[in-house]
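Make the complex out of the two chains shown on their own, each in a separate frame, by following the hints.
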Amino acid sequence: MKRLPISACAPLLLVSLMACTGQSNPRVLVSAAASLTDVFAEIESVYEDIHPGVDVILNFGGSSALREQILEGAPVDVFASANRENMDAIVESGLLDEDPVVFARNLLQIAVPVGNPGGVTGLTDLANEELLIGLCAAEVPCGHLARQVLAAADVTAAIDTNEPDVRALLTKIEVGELDAGIVYVTDVASTDGAVDGVDLPEEDNVVAEYPIAVIGESNPERAADFVEFVLSDTGRAILTDHGFSTP
Amino acid sequence: MSAPERSADPRRPPTLLVVLAGVGIAFFAVPLIGLVGRVPWANLPELLSSAVVVDAFRLSMVASVAATAIALVLGIPLAWILARVEFPGRALVRGMVTLPLVLPPVVGGAALLFALGRRGLLGEVVYEATGLLLPFSTWGVIVATTFVAMPFMVITVEGALRGLDLRYEGVASTLGAGRWTVLRKVTLPMIGPSILSGVVLTWARAFGEFGATITFAGNLQGETQTLPLAVFVTLESDRDAAVAVSLLMVVVSLVVLIALRDRWWRSW
Chain A
347 MKRLPISACA PLLLVSLMAC TGQSNPRVLV SAAASLTDVF AEIESVYEDI
397 HPGVDVILNF GGSSALREQI LEGAPVDVFA SANRENMDAI VESGLLDEDP
447 VVFARNLLQI AVPVGNPGGV TGLTDLANEE LLIGLCAAEV PCGHLARQVL
497 AAADVTAAID TNEPDVRALL TKIEVGELDA GIVYVTDVAS TDGAVDGVDL
547 PEEDNVVAEY PIAVIGESNP ERAADFVEFV LSDTGRAILT DHGFSTP
Chain B
31 MSAPERSADP RRPPTLLVVL AGVGIAFFAV PLIGLVGRVP WANLPELLSS
81 AVVVDAFRLS MVASVAATAI ALVLGIPLAW ILARVEFPGR ALVRGMVTLP
131 LVLPPVVGGA ALLFALGRRG LLGEVVYEAT GLLLPFSTWG VIVATTFVAM
181 PFMVITVEGA LRGLDLRYEG VASTLGAGRW TVLRKVTLPM IGPSILSGVV
231 LTWARAFGEF GATITFAGNL QGETQTLPLA VFVTLESDRD AAVAVSLLMV
281 VVSLVVLIAL RDRWWRSW
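Residue numbers (the working numbering), protein chains in the order written: chain A, 347 to 593; chain B, 31 to 298.
Okay, chain B solo, but in the shape it has when bound (with noise of 0.2 Å):
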């Protein structure tokens, strides 16, 4: 998804366009002021060191950086296999892939419940043998965001074979490199950035994962509770430390999302 580079290009955008994009620049702005302008300031270390929070955010880093790595292991070959290999239902496995991505996350919640739950499809026999329990856990959580966040990981390096040149992949083996060595050696390093894309995206959505937890693996500090359920539970009482969780979600995210993606897709 690597944009070409035209910033340089002279002409001026027409005024209609500068108005719209102003429009769309608010819609986004906007809310963020808002919640800025909730904050209170003197008593956000007091209302970001307490217990709920440090545990929340704890839980939000281990799952969102543990349902990324799945998505690396998992997401790159399911990518490389719809970009490369044509097989029946291809379309099909595609948009079930990218399903995720439009299902409210409450939906997709759900049907992990009925298929990985206790009493699940799969769960039920899996609880059976031994005694594993998906909800209710911390696993069950990184199973909640996996399934939400990878989708990012796989449109993104699927979108970025598909652009790839394969007469580069080509010369290698014409010069000997086996099928492995061509992956290792040339593919994964011309997708690199994309892939760096696909890991921030997919982390940052993992991060911001509320309806999917909720519905999946409950609520509970310090086993199940990440910073977005912190948010929406502690909004019902504690107006203060929502908004004080709110920011520090925002700057967290904001940052990994400038810093990150800025960076390599400047220097691609």
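With the rest of the complex left out, here is chain A (with noise of 0.2 Å):
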């Protein structure tokens, strides 16, 4: 799932560096959200599709890891968060020539393996101590949401590990080591019937911004037409198969 690891594009070695630059880069190195995962990927394909030549490279993981990749000069053409504080930083950092753009937002939902074992219903079956709780690091936006979800309902989370990322915690959920977990609708959606969902009451539930914008001087043209794509009516239309609403 994961494609080309950041780290093949290692800013301290110049071989790989050398590589993942170059000039008319027919190359696009787009850092994504994890929760993107899969619609970025049919993204991707329907992409190069249309631009045959052009090599679409996704790189994914928690939003903030590829914040820190990018301030630390990882050669990232297209910067897709899943929030808007880790977008404030790189536009704080200067890096951008244009503002981000939000193009999806999300919702969230408890995540359970299929059948339910634990039985849980709603928030405040996640501050019980007998079941298996797991939610994103605090660092991540899915973490930082989740948090700010059980705060608003007043439920403190009897939390058994922080992971990661998104799609760290739902394999935990996926494969039954976990009871429930917070996560996006959209990744409940992804698993195709692999974990069940069980939604937030409306009131209790927050949204998530995604904003995405071109990132350094390496491949503007290129980068800015992916972006515009991504925007574009298909671009939605497959933001929206996957469970995204768009603006």
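Hints listed in this document are in silico derivations from the structure and should not be mistaken for laboratory results. Please note that a few of the clues may not be correct.
Said to hold, decoys possible - Listed next, with one range per pair, are the computed distances between beta-carbon atoms:
| hint | chain 1 | residue 1 | chain 2 | residue 2 | range |
| --- | --- | --- | --- | --- | --- |
| 1 | B | 42 | A | 444 | 32 to 40 Å |
| 2 | A | 549 | B | 288 | 39 to 47 Å |
| 3 | B | 222 | A | 417 | 44 to 52 Å |
| 4 | A | 463 | B | 54 | 49 to 57 Å |
What the hints assert, rightly or not - Listed next, the stretches of chain A that the computed footprint assigns to chain B, with coverage defined by at least 3 CB atoms under 8 Å from CB atoms of chain B:
| hint | segment |
| --- | --- |
| 5 | 373 to 381 |
| 6 | 399 to 407 |
| 7 | 471 to 477 |
| 8 | 481 to 492 |
Only a predicted model underlies this, so the values are computations on that prediction, with no experimental measurement involved. Where a beta carbon is used, it is the ideal one built from N, C-alpha and C, also for glycine.
Shown next as structure tokens:
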């Protein structure tokens, strides 16, 4: 699922740096939040069909880890973050020529293993010490938002693990090692029934906003074209297909 | 794995060799310098005394020492069998034992989860019978670090046993020593330095373990969050703290590697 981890273009290694930059580059390196894994994989393949010869390389991870890589000089052309804060850090660093644009919105949901062995019906069950509960780490957007939701509902979750990104959390729920965790609606949809979703009441939920922007100057036209595609009707249709709402 | 002492050799090395060795040194030194350059010296005491770091340090020490102890108890017999006993499938066993050295630790962690997790092959049986659960517990951290680190003990000790002159042990048994006595009084003392090397390498690998731990045991402060996990998570929110913890790990590991390993190798 993860294509070309960013370490393959690690800033320290001159050789790979040369392999990753270069002139009139037909390659676009896109760093995208882990929760975009499936939808960006589809966007990539449709985009590459329309633009033969262009190679979109996807680098997925927790938004904050991706932010760190970019701030440390990773040769990333496009950044799609799962929240504003991580994008703002990039804006402040002066790496952007144009302001980021919100391209998708997402909601949270409680994910449980198929059949819901823990009998989870809502947020209050996450306070049950008997159950194995996981969240995303507070440092990544899904963890930050999950804590907002819990705080708003006045629930202190009995957390057993803080996973580094939403996919890691989802995997542990999928294999039944955790009884419940808070992820995005789109993550539950993406598993094709490998986990069940328990909806949160609308008043308890929060909306996650996904901004996208062109980073750096190594490949601006190609990168801008890719961003435009994500914002186009085709891009929006793919996003909606995967459960995102679009602005 | 005791290296022969040839440093007294007066021949000068070829220039090319020195240059390449220099590049080799730089390859390891530059990242360290990069790290040290980012250390927030002024806040260091404060950063290193935070509850997160103290908990993670304690847990890392517990897990790495426990993993080393388990590796001693299980790894030395395993090395002995691999070095001395011919049995069908020995190559397969040796390959399996060394596999964690080359496998991405995340794969090891996932394999452990499928085997020992609540829904795992063996884990489910144990959980149903006793309620004991390895994932998301400190025991899980110890299991994950042992899985990744013990191969260092096995290959180090196996190498030493293979290099051992069997005549010493032969003489001991002709003088009437039983097999167990020979093992304790002759074999183990003779491979002592290698065992110590194995201890140091195993401990160091366990101390730095990340991938198998986070995959199998999860990440929770005070329960399963070791220093490497704390670095990984805080790197995303507080870079200064992450760098401070990284420095702590570098210093502790370097001190152990230099002090223990070199001392023994020199006296050997």
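Structure-based check of each hint:
1. Between residue 42 of chain B and residue 444 of chain A the beta carbons are some 60 Å apart, a value that contradicts the proposed interval 32 to 40 Å.
2. The given range of 39 to 47 Å is broken by residue 549 of chain A and residue 288 of chain B, whose C-beta atoms sit roughly 60 Å from each other.
3. Checked against the hint of 44 to 52 Å, the pair residue 222 of chain B and residue 417 of chain A passes, with Cβ atoms roughly 49 Å apart.
4. Checked against the hint of 49 to 57 Å, the pair residue 463 of chain A and residue 54 of chain B passes, with Cβ atoms roughly 53 Å apart.
5. Only residues whose beta carbon comes within less than 8 Å of a beta carbon in chain B count, and the segment 373 to 381 of chain A has 0; fewer than three means the coverage is violated.
6. Beta-carbon proximity to chain B at under 8 Å applies to 0 residues in the segment 399 to 407 of chain A; the threshold of 3 is not reached and the given coverage is violated.
7. Counting residues of the segment 471 to 477 of chain A whose beta-carbon sits less than 8 Å from any beta-carbon of chain B gives 0, not enough to reach three: the coverage restraint is violated.
8. Evaluation of the coverage hint for the segment 481 to 492 of chain A: fulfilled, as 4 residues show C-beta separations to chain B shorter than 8 Å, against a requirement of three.
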